[in-house]
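Asks: Here is what each chain is made of, one letter per residue.
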Amino acid sequence: MHTLSVERGCLERVYGWSLVRLGLELLVCSFLGLAAGSLQPLESKTYQLYLCVPLLSWGEPALSQVLPGLWGLSECGAWQWPGAPALHFQSSSGFVRALTDRAVRGALRGRPSTAMASGPLRAPCLELNLQVGLSLCPASFGQCRSVVIVFHSFGLYRLLPCSFPFLIFSFFNSSYNLELFSFYICAGEENWVDSRTIYVGHREPPPGAEAYIPQRFPDNRIVSSKYTFWNFIPKNLFEQFRRIANFYFLIIFLVQLIIDTPTSPVTSGLPLLFVITVTAIKQGYEDWLRHKADNAINHCPVHFIQHGKLVRKQSRKLRVGDIVMVKEDEKFPCDLIFLSSSRGDGTCFVTTTGLDGESSHKTYYAVQDTKAFHNEQEIDALHATIECEQPQPDLYKFVGRINVYHDRNEPIARPLGSENLLLRGATLKNTEKIFGVAIYTGMETKMALNYQSKSQKRSAVEKSMNVFLVVYLCILVSKALINTVLKYAWQSEPFRDEPWYNQKTEPEKKRNLFLQAFTDFLAFMVLFNYIIPVSMYVTVEMQKFLGSYFIAWDEEMFDEGIGEGPLVNTSDLNEELGQIEYVFTDKTGTLTENNMEFVECCIEGHVYVPHVICNGQILHDCTGIDMIDSSPGGSGKEREELFFRALCLCHTVQVKDDDSVDGLKKSQAQRRSCIYISSSPDEVALVEGIQRLGYTYLRLKDNYMEILNRDNNIEKFELLEVFSFDSVRRRMSVIVKSSTGDIFLFCKGADSSIFPRVKEGKIEQVRSRVERNAVEGLRTLCVAYKKLTAEEYSNVQKLLQNAKLALQDRDKKLAEVYEKIERDFILLGATAVEDRLQEKAADTIEALQKAGIKVWVLTGDKMETAAATCYACKLFRRNTQILELTTKKIEEQSLHDVLFDLNKTVIRQNGSLTRDTYSGLSTDTQDYGLIIDGAALSLIMKPRHDGSSGNYREIFLNICRNCSAVLCCRMAPLQKAQIVKLIKLSKEHPITLAIGDGANDVSMILEAHVGIGIIGKEGRQAARNSDYAIPKFKHLKKMLLVHGHLYYIRISELVQYFFYKNVCFIFPQFLYQFFCGFSQQTLYDTAYLTLYNISFTSLPILLYGLMEQHVSPDTLKREPSLYRDVAKNALLRWRAFIYWTFLGVFDAVVFFFGAYLLLDNTIVTSNGQVFGTWTFGTVVFTVLVFTVTFKLALDTHYWTWINHFVIWGSLVFYIVFSLLWGGIIWPFLNYQRMYYVFMQMLSSGPAWLGIILLITVSLLPDVLKKVFCRQLWPTATERIQTKHQCLSVEQSTIFMLSQTSSSLSF
Amino acid sequence: IKPSSPCNKCLNVSWDSTPPCTCTINFTLEHSFESNVFMYYGLSNFYQNHRRYVKSRDDSQLNGDNSSLLNPSKECEPYRTNEDKPIAPCGAIANSMFNDTLELYRIDNDTRTPITLIKKGIAWWTDKNVKFRNPTGDGNNLTALFQGTTKPVNWPKPVYMLDSEPDNNGFINEDFIVWMRTAALPTFRKLYRLIERKNNFQPTLQAGKYSLDIAYNYPVHSFDGRKRMILSTISWMGGKNPFLGIAYITVGSICFFLGVVLLFIHHKYGNRNTSADIPN
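Chains F and W supply the protein sequences, listed in that same order.
The numbers in my numbering rise by one with no breaks, and the one at position 1123 of the first sequence is 1123.
The numbers in my numbering rise by one with no breaks, and the one at position 255 of the second sequence is 10255.
Derived by calculation from the structure, the hints in this document are not laboratory data.
Any given hint could be a false lead.
Only pairs whose alpha carbons sit at most 27 Å apart, straight line, appear in this in silico DSS-like list of lysine-lysine [to be verified]:
#1 F/510 - W/10074
#2 W/10227 - F/504
#3 F/463 - F/282
#4 W/10151 - F/509
#5 F/504 - W/10085
#6 W/10157 - F/504
Computed from a prediction, not measured in an experiment: that's the story for all the values here.
Using the sequences plus the hints, can you model the full thing?
Replies: Here it is as structure tokens:
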């Protein structure tokens, strides 16, 4: 079986080592995993097949020597099973190998022949793996189905428990060493079986059917929780200590426990315990909530049929094969095959709002052979099996087969498609009840498979914080190293190392020098470890967590219409909102209301505006028309009526009768009682608009369209033909026959497609009107008609018939026919429909642009409309030069040329204006706006064969970068994400934000750094997947300009301040080592060490992080340009960081040497008594606490009572604590070194004077720096601040000053 | 100690040399000391703040805890037990207590008048009365109370024989308490004796010649240390310390200067800024 033709010796050596390593890893990881109780299936069925990761560690050369065939495989190949159509192995050298899905599947199922036979499978690599798989599959494990997973590193603990024995097995059975690359999963794990058989109603299959393979399906339980009651503590601890910071503190704590360190383990253990506990409680609570939510879903009652009776059971007890009954407006409890419905035709209507966000009704069809079963008994008698594919996440794809058995006959097999599959999460509408059989349950439903756990997004601030942490870690290590080295240098003289008064103990003397030195190093580490405070993480987390509530509670962002305020789904990104450089926005529903409104119509140049809009209020039974122009004459009247009828008839709107609404209401508001449904909201708007003008479309009944005219008479038209809309023709037509026998052809369509076909009518007037409307951003349509005689109609009919019957090129022929028929129109008029911009959308966009944010509109809409909207919302201005990168243009020139041309234009402009670029949007500079469409984009994104795929992208990016606004139209949802990704990964790594309301925006929302969902009409899909959800687009302004800005300021100050205060704290300790013989003596008492970060200085900064408003929110909103001040992580750049660090060092030096000079050779109490080392430390500490707090107070611009309370409260607390701590002999302490130290200090005059002096001195440079920078190089923010201060507080002073200065200047 | 110093001969003394090496240093006070005078001894290069040293004590033993008396804390190693007997007071700090005796004489026409040195009131009140306590038991006989313990290795006499007065003996001996308050820096001074002003008409110490008799027991040469004796008076502001004064003056003048500069800048630029803002 072993067919490899490679040298064994080599292999064995390599694999032997791999085996040992992998084995160790496996054991460790499995142990960890088992211990944490976390061995669970990977969430979905997407497996990454790391085929050669273990090999990789041996380096590419070795690899290539051993397995020449694997050479191309030096990077791991990723393979998605089974959704991905092909298997890709990609290597660093660009070697791509694709295999067809079928071949791989066949191969993996143990039919190497299939795989071998198929063309592209030349790769020894795959052969190798397959051989391995086969060679390992022992007879007793015949059920083993597929080769899965080679794990490397810690990902392994997620392995299935059931795979473990197999792993062991393969270890012992290793006549071949290759098995480490693969092992088997037992047959019980159905996940990997690629089809499943379901017995409807759990009936045994009749004899003669295929062999019964027992299959286990999960129950219908939805599990979104992470922990169970039992594994919470170990798993949570494990998760928490995976965080590098926690791990660090754990190590410090352990070091303290093990070796003799200057500080007791309590000092780091207590905070750590606190942090861990708080986090565990928070996570536990969240998980508890998830459990509750899961339970609510899992326990909700479901009707299903058992032995011909209807039974109610909890949803979680549902099994695959159960027959379920669902009533109207209920959600489907799992994925069902639709068997029958209460509607006679075997259809049902479903909305998938909860699934993909589409709110329109979709029709599903019952299985032909079962749709007759209408009650429980009948349905229970059904004897059938279903074969279908294993669950996969694609919502719109399903392949299956149902075998229906009738009286021992051969089964009738019917194909099943996605039109038979009712998905969990969708809601049944307009159908009394349906029956269905469960095929995918619980976590295998398509909804659950689509539920992605959002990847953790990390903010830029967090990243720079981590960088700073590393810097500090380096500082820490180098400090410890320096001290260790110095210590041994200093100790080289024996009288220093061991003077007579201070002998070492016996064990200390005997200890090995190097061990001693290492212990000393660790001890120094411990001594200085406070430089990276535990509490920083807690504070940052708290700040974010509480801060997110401040956003959610913002009353200004509360929307009355929806009754909802903003939602915060992630609290980690508050500050990221202040860093946005690119905003990607959806158009429909985001910029606009997604609420089409009929605005006006123009009949032969006369403009009609429905009253409703004219008066600005809705008059319900208004049928009047407000004519702006003079009333038309007789012929006009006729045309007018024709126009209205045309609009009433020329559409594909369906009417949904609200029969269920009680009759009284219906009769009262008869006209409003029907609801129009259409695939295009424009049509609905038109029909509704016409309704307001007096013509109501009632329904389509037996091919007769009924309309209610102004005089409340019902007119009937026979619908003869519908030429449906398509985007090439850009028009649609109907042919109707009126009751009088006249045959009309009504056509409506885009102006560009109508006007050339018109032979009479007031073209000029209409055209001018249409153009005006288009500029205003209205969607315009033109309406025309032509009268057909009976002969003409029969001709048309014939033509159509021929075309429809054509077998080849039917579409083309139809189009030809349409072309022939749709001509020689008489123009009636035009309509204008408005998709109104959201309130203040233009204002918001303008503000964002002023703030230096580039706004991109990504829409699926067509270019003209989108461009009009962009003009309307001031994304493009009058003077914006539009660059087009569209399919049309690319057809004319090659993509290459177009790109280069555009690039040249932009660069030329840019070159002359480089200096001005920052001043931005002043009127004299030329703005560029780019319009690109989906097709062009995909051309650009497509990697070229010669491997220089980056080339076009670079140019494209360059163009985009120089455009103030970009509009991308005709975008597929995935393309939206692609664009976001493109920008995100470009050189500058800008921070991106995506905002949208529909399911089609989800991908881009997930992709962007910050995703914002609009709680809009198209379901809550976007809102649920977003990081923040807001009710309206206009709230984005406040979100970014105010909240983002403020939170950025807050968190950056918080981070810097934290580092600063810990430098102040620890650096004196460092200095002290030079005076205590590098003996790791602490300067401060243990209590002070422990509590400094926890209680003396923690609350003020937390509060600052929550409350600070360096500029009032109103000002921030009014002056968007202030946003530029914080752009690009301005406050956390190296300069700022170094400034703060040096400030900290300076302060520390002042504290230490100040206290040194103060206490050195000085008698400081009035009774001549002396102070000791602890007083020294206390003086330093007191100065430290006060300075650090005052520094924060100086930085605080926004004072509330709570700020006062916390800042002064902390100081008071410090004093009270010190008094207490020193006031009593604490019985539980084995030392009393702090006893009365603080009081003694306070009783000394010089100590007071010294402390005050030192505080002043250490604050001085910061104050000076602030004042100087403010005066000499003020940032915009600071100017605003000064202005405000001047205006409000120091008005008179400024006035006086300006007077004096003006007099001076003379 | 300079080689010329009369105490040079004592450099190599050891702890328990008997009789102690004595030496006399003469000095002259230029000014008379008007108010109470404090007499300090100073040591340099003595690392009382070494970690091993600082923690080498047992506070509960010093607080009179009987169990700790007989079983001192491990921190006291290697000064915890001697010949299987617990040391009281244990630890390196106690062990290395300063044990020179200083006596001050005024030389007036070649007659040496001893000056009364008061040895009480040199330690913190709270230390003497709360933190440090002799072990309790029947009776007040310290010898009996310290039964079962042994003296620190370097001490000539056990702790209950530090002083003749019962309220200044044992753990509450003030010299001992002062020593036990470890100094922050390697060069430090500790209060030794007080010289009280006798009456209002005479300064405490007149200007003139004095001599200091030292019973030199305490070896500092081995660690390159020095000993000093300091006489000082004290105001409410504490002892004479030029640092505070200089610092205050410096900081004050810097502040003043900067204030002027800032005012100037404010005039010059502040106005420009506000006016520049108005067009916005």
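Asks: Output the numbers, in ascending order, of every earlier hint that fails for this structure.
Replies: Violated: none.
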